[in-house]
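Here the protein sequences come in this chain order: A and B. Taking the working numbering, the leading residue of the first sequence gets 1, the next gets one more, and so forth. Taking the working numbering, the leading residue of the second sequence gets 374, the next gets one more, and so forth.
Note that these hints are calculated values from the structure, not bench results. You can trust all of the hints, since none of them are fake.
Partial chain A-side listing against chain B, Cβ under 8 Å, derived: (1) 30; (2) 31; (3) 76; (4) 81; (5) 86; (6) 106.
20 Å max Cα-Cα, derived DMTMM-like pairs, lysine to aspartate or glutamate: (7) 419/B x 80/A; (8) 526/B x 97/A; (9) 525/B x 95/A; (10) 525/B x 97/A; (11) 617/B x 108/A; (12) 405/B x 79/A; (13) 713/B x 463/B; (14) 405/B x 434/B; (15) 617/B x 315/A.
For glycine and all other residues, C-beta sits at the position ideal for the given N, C-alpha and C.
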Amino acid sequence: MRAPEIPWDGLSKRYPTELVQAVRRLFERGGPFETSGLELSSETSCSPEVGEDLLRAISPPLLARNAVRCASCRFEIPDDARDQRYCPNGHDITDPESLRQGWMFAFDAARTRDVRWVLALHGMNTSGAWQEEFNWRVATTYGRSVPVAIYKYGIVRPGALSRWYLGRLTRDVSSRIERLQGQTDADGFGGPPDVIAHSLGTWLIANALLRNSGLRVGRLILTGSILRPDFCWQALISNGQVQAVLNHYGTKDIWAGLAHFVIPDSGPSGRIGFTVDAPIVQVRAAGFAHSDFFLEENLSRVFQETWHPFLTSAESDLRALSIHEAVKWSESPWPLRATLLPALLMSIWWFVVLVGILCFGVGIYRIFQMLMN
Amino acid sequence: MPYVSEPLPSEADALVRLAQGIVLAQGNEFIKELLRDRGIRIGATKADFERNMLAAIYAGDLRREHIELWLNEVEGWGNQHVYLYDVPRDLSISLGDEEALKKKALKAGFQEQYDAGISLEYPPQRTLTRIDYTDGQLSFVWHQGKESAIRKKDRDFRNEIDGDIYDFRAYRIRSERAVTRFVVRPSDNVAAIFIQTPWIEEEHDKVIRDVITVVARVIQFDELRPFAIATAIKKLDAISLNSKGVVAHSTRLSSSGAYIEFGSTSARLGYQDVGPVREVRQAVRPRSFVGLNGNFMLPCADRNGDTRSVGVQLVGEQRRLKLGHQMTASEVWSIVQLVKENL
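I would like the entire structure built from these sequences, with the hints used as guidance.
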């Protein structure tokens with residue numbers, strides 16, 4: 001449930017601002033809560049009665065109820081335990097005078113979600129300097145230790161064109177997640193990791209999940225995605241391998257647009273979004289290029305406004321985060337679809353490498369001849 | 374104790390007394406279930422239940438065997454303290470031999486109690502009333518009648534006596550039966566002592582000593598190992614982080630000279646429903662702590678498989694569970710099983 005529409009400005013005119021702000025913060029942090037006029041007003045100069053008036057003014061969405069407590073320990077006695085003789089702390093509650101009543105105001109909402117640990121996967125053309133910045137952002141956002149595993153597979157340029165090499169990287173990613181998951185379980189962090197992936201990292205994690213049906217991740221954030229826009233997330237979600245997916249795409253992402261022509265089974269989902277009707281969150285970042293999410297001036301805002309809400313919102317609230325306009329996409333003709341072009345590029349690359357080695361060898365031979373003469 | 378299906382006048386009187394005690398002591402849902410099962414008119418209030426139940430006893434519609442069957446399932450289950458023990462495999466095997474156990478019990482002098490009918494008495498002292506081996510489990514049952522006072526403010530009055538004003542405060546006295554049980558279930562490798570008296574350390578120690586003295590005449594009690602409830606507190610608390618039907622209302626964890634406590638101020642919420650508090654809890658590495666106590670809502674299932682949540686308190690140092698609701702035997706055993714799975 002998203003935060004309900006409450007006329008905060010109007011309330012600020014009728015009630016002390018500090019009280020209105022206090023109750024507004026409760027709604028904004030998400031999840032269920034329950035409070036009383038006494039608790040709400042205790043950090044202000046207002047009286048409990050004013051606090052209770054304010055809470056009553058916003059009921060609904062708050063639900064007012066009369067709570068009965070043990071007078072000795074203040075433990076609330078649930079409705080179905082009113083005929084009990086003792087409160088859970090052992091105080092006799094058969095005498096009506098041993099009980100106290102007071103108004104409580106409850107807001108029912110789904111529990112927010114916890115981020116246990118995160119895996120960061122970089123792209124093909126960098127060693128992922130953004131991962132350190134992202135790590136810092138995570139470490140300072142949550143009031144506890146959230147481990148960030150930074151997976152670095154090095155700079156991959158020609159290798160990204162090869163199915164064999166991508167397959168090897170995919171297996172590496174898969175086994176790394178499984179190994180880390182075992183360690184985090186032992187350390188009490190528990191559960192599968194949330195994953196943030198960029199560029200080739202999106203391809204690797206998605207294909208690792210496809211190839212290893214036992215692999216599980218929590219919520220998955222894709223940036224600069226090079227997956228095909230018709231990638232079938234539904235199957236992975238139904239199989240419980242992914243809890244939810246956020247595709248944060250930039251409308252000026254050139255590299256995501258080109259990937260389809262050179263990297264097998266890829267496409268411009270990082271530029272136009274996914275086209276199939278998958279139960280995923282898609283957020284359009286107007287004017288963003290391939291790596292703009294990680295620029296110093298953007299990362300903080302992107303994290304706070306989009307990634308953090310995606311990672312922590314209740315499942316029922318996720319769809320409301322989407323900002324996306326569906327675009328039609330069809331794959332290119334076969335010769336242009338990362339089939340002939342990668343082979344051509346690989347041939348050129350190997351030709352350049354061999355020529356370079358040959359020139360180097362000839363150069364060494366000539367120097368050796370000169371020295372001998 | 375003779376078994377009769379038609380109520381004799383004296384038997385009817387005992388049944389009436391028991392029914393009156395039951396109406397006051399048992400939860401409404403359980404009484405409704407008994408009346409519904411027998412096709413007896415139910416009514417809306419406890420007064421209706423009592424009236425209809427008594428009429429059914431006098432009419433012969435509600436007989437001893439019906440009440441026995443029902444009592445077996447509901448009397449002395451829930452609203453009690455439980456001490457759990459692990460039964461070693463070797464002992465479990467020997468406890469599977471019903472005939473051998475019967476011989477031992479009879480040899481130990483329990484001829485009167487072995488396979489006796491359910492007692493309808495309110496003995497003033499805790500008295501062993503029944504030992505039986507049913508459905509693969511060996512049970513020892515003690516009963517003790519007691520009176521309790523229920524404050525009735527509307528019956529208060531003032532009176533002038535010899536020129537002075539006296540304030541009389543009214544309490545309604547009700548008769549109850551406290552049930553103490555020792556049950557061993559070899560198939561689950563678990564044994565338990567159930568005590569219905571409020572927790573006072575000396576009193577519980579005495580009850581446990583008395584139970585052991587009796588039980589040890591039939592089985593090797595010293596081979597039983599008490600459950601590490603402290604571990605279950607930590608594990609159940611960790612499970613409740615993932616909202617899987619387990620709700621932690623409060624948990625206290627200690628660490629060599631200091632403790633932390635998480636708690637909810639609301640009966641409707643677990644403390645982990647509140648995001649900022651859950652964040653703090655996530656920072657706790659359980660292996661650095663020992664579970665001192667915890668108040669949980671745990672899922673339990675009755676014999677039909679219907680589930681509900683009941684309040685259970687776990688006390689680590691005393692290795693004790695406190696079941697906070699009236700429950701059926703099946704529900705209690707499903708809670709025991711859940712605790713055992715989380716040791």
